[in-house]
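Enquirer: The lines below spell out each chain.
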Amino acid sequence: QQPVQSPQAVILREGEDAVINCSSSKALYSVHWYRQKHGEAPVFLMILLKGGEQKGHDKISASFNEKKQQSSLYLTASQLSYSGTYFCGTEYYGDYKLSFGAGTTVTVRA
Amino acid sequence: GAGVSQSPSNKVTEKGKDVELRCDPISGHTALYWYRQRLGQGLEFLIYFQGNSAPDKSGLPSDRFSAERTGESVSTLTIQRTQQEDSAVYLCASSLIGYNEQFFGPGTRLTVL
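Top to bottom, those sequences are chains B and D. Under my numbering, think of the first position of the first sequence as 1, with each following residue one higher. Under my numbering, think of the first position of the second sequence as 1, with each following residue one higher.
Everything labelled a hint here was simulated from the structure, so no lab data went into it. Just so you know, even glycine gets a beta-carbon here, dropped at the ideal spot from N, CA and C. A few of these clues could be false.
[Said to hold, decoys possible] Mimicking DSS-like on lysine-lysine, the simulated pairs with C-alpha atoms at most 30 Å apart in a straight line are:
| hint | chain 1 | residue 1 | chain 2 | residue 2 |
| --- | --- | --- | --- | --- |
| 1 | B | K37 | D | K57 |
| 2 | B | K37 | D | K11 |
| 3 | B | K26 | D | K57 |
[As the list claims (entries may be wrong)] Each pair of labels, with its calculated beta carbon distance range:
| hint | chain 1 | residue 1 | chain 2 | residue 2 | range |
| --- | --- | --- | --- | --- | --- |
| 4 | B | Y29 | D | G51 | 17 to 25 Å |
| 5 | D | L39 | B | T76 | 27 to 35 Å |
| 6 | D | Q80 | B | K68 | 26 to 34 Å |
[To be verified] Calculated from the model, a selection of chain D residues having no Cβ within reach of chain B, i.e. all distances over 10 Å:
| hint | residue |
| --- | --- |
| 7 | E20 |
| 8 | R22 |
| 9 | H29 |
| 10 | N52 |
| 11 | F65 |
| 12 | S66 |
| 13 | G71 |
| 14 | V74 |
| 15 | T78 |
| 16 | L96 |
| 17 | G105 |
| 18 | L113 |
Hey, can you work out the whole structure from these sequences and the hints?
Expert: Here it is, written out as structure tokens:
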């Protein structure tokens with residue numbers, strides 16, 4: 001039940017916005033978002049537990065559409081430090097493990 | 001205290017040998033996870049420990065893989081008779097309890113020749 005992430009990659013100029021989507025075919029309990037920079041461990045960004053709830057981390061926010069079983073991550077006014085691979089991890093009811101998507105590689109250029 | 005630590009950071013072994021990877025979670029974290037990440041790929045769940053409950057081993061790819069955890073502390077992941085397809089970065093993560101944010105260690109890069 002690996003979630004599907006899109007797009008696979010995105011290239012931005014500083015200040016531009018981007019949206020990364022994460023879709024599941026199974027009912028979700030929560031969605032986690034992590035960012036991994038090259039050669040480093042993934043770092044937690046946020047968890048979304050309820051449908052429609054939006055959370056934020058700096059200028060990075062996310063929403064969770066329970067009806068569509070989908071979460072979207074919004075990168076607003078991107079900075080060079082936003083470059084990395086973004087993974088969504090999905091949790092299902094009664095199941096404490098995360099299933100991670102294949103990742104979306106974000107490159108922010110000056 | 002300190003974050004999640006893993007050792008060794010790099011391991012090169014010959015096909016057919018056994019390897020043991022170690023993870024020290026953050027003190028007080030009852031949940032511990034092992035993941036495998038092949039080059040350029042996503043994170044593949046291997047096993048999950050929660051307190052004294054029976055571990056969730058549903059992600060272990062074969063019976064050559066096993067893991068143990070002593071109480072709520074150190075965990076070891078053992079791969080027997082290593083194969084070249086076992087080459088990957090093995091990441092350990094811990095969290096306060098299940099469903100919480102996971103803190104990842106730096107990983108062990110395993111290369112099987």
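Enquirer: Would you mind marking each hint as holding or not holding in the structure?
Expert: Outcome of the hint check:
1. A C-alpha spacing of about 28 Å is found between K37(B) and K57(D), which places the hinted pair at or below 30 Å, so the restraint holds.
2. Between K37(B) and K11(D) the CA atoms are separated by roughly 22 Å; this keeps the pair inside 30 Å, and the hint holds.
3. For the hint linking K26(B) to K57(D), the alpha-carbon distance of about 21 Å falls within 30 Å, and the restraint holds.
4. The hinted range of 17 to 25 Å is satisfied by Y29(B) and G51(D), whose Cβ atoms lie roughly 19 Å apart.
5. At about 31 Å, the CB distance of L39(D) to T76(B) agrees with the hint of 27 to 35 Å.
6. In this structure, Q80(D) and K68(B) break the distance hint of 26 to 34 Å, their C-beta atoms being roughly 43 Å apart.
7. For E20(D), the shortest C-beta to C-beta distance to chain B comes to about 20 Å, beyond the 10 Å cut-off, and the non-interface label holds.
8. Look at R22(D): its CB is around 16 Å from the nearest CB on chain B, clear of 10 Å, so calling it non-interface holds up.
9. Its beta-carbon lying about 13 Å from the closest one in chain B, H29(D) satisfies the requirement of being farther than 10 Å from that chain.
10. For N52(D), the condition that its CB be more than 10 Å from all CB atoms of chain B holds, with the nearest at approximately 14 Å.
11. The Cβ of F65(D) sits about 15 Å from the closest Cβ of chain B, beyond the 10 Å cut-off, so the non-interface label holds.
12. The beta carbon of S66(D) sits about 17 Å from the closest Cβ of chain B, which is more than 10 Å, so the claim that it is off the interface holds.
13. The Cβ of G71(D) lies farther than 10 Å from every Cβ of chain B, with a closest approach of about 18 Å, so its non-interface assignment holds.
14. Listed as a non-interface residue, V74(D) keeps its Cβ farther than 10 Å from every Cβ of chain B; the least gap is roughly 18 Å.
15. A cut-off of 10 Å between C-beta atoms confirms that T78(D) is not in contact with chain B; the least separation is 20 Å.
16. Interface exclusion of L96(D) from chain B stands, the closest Cβ pair being 12 Å apart, more than 10 Å.
17. At roughly 6 Å from the closest C-beta of chain B, the C-beta of G105(D) falls inside 10 Å, breaking its exclusion from the interface.
18. With a least CB separation of 21 Å from chain B, L113(D) remains clear of the 10 Å interface cut-off, as annotated.
Figure legend: structure checked against the earlier numbered hints; hints not met, in rising order: 6 and 17.
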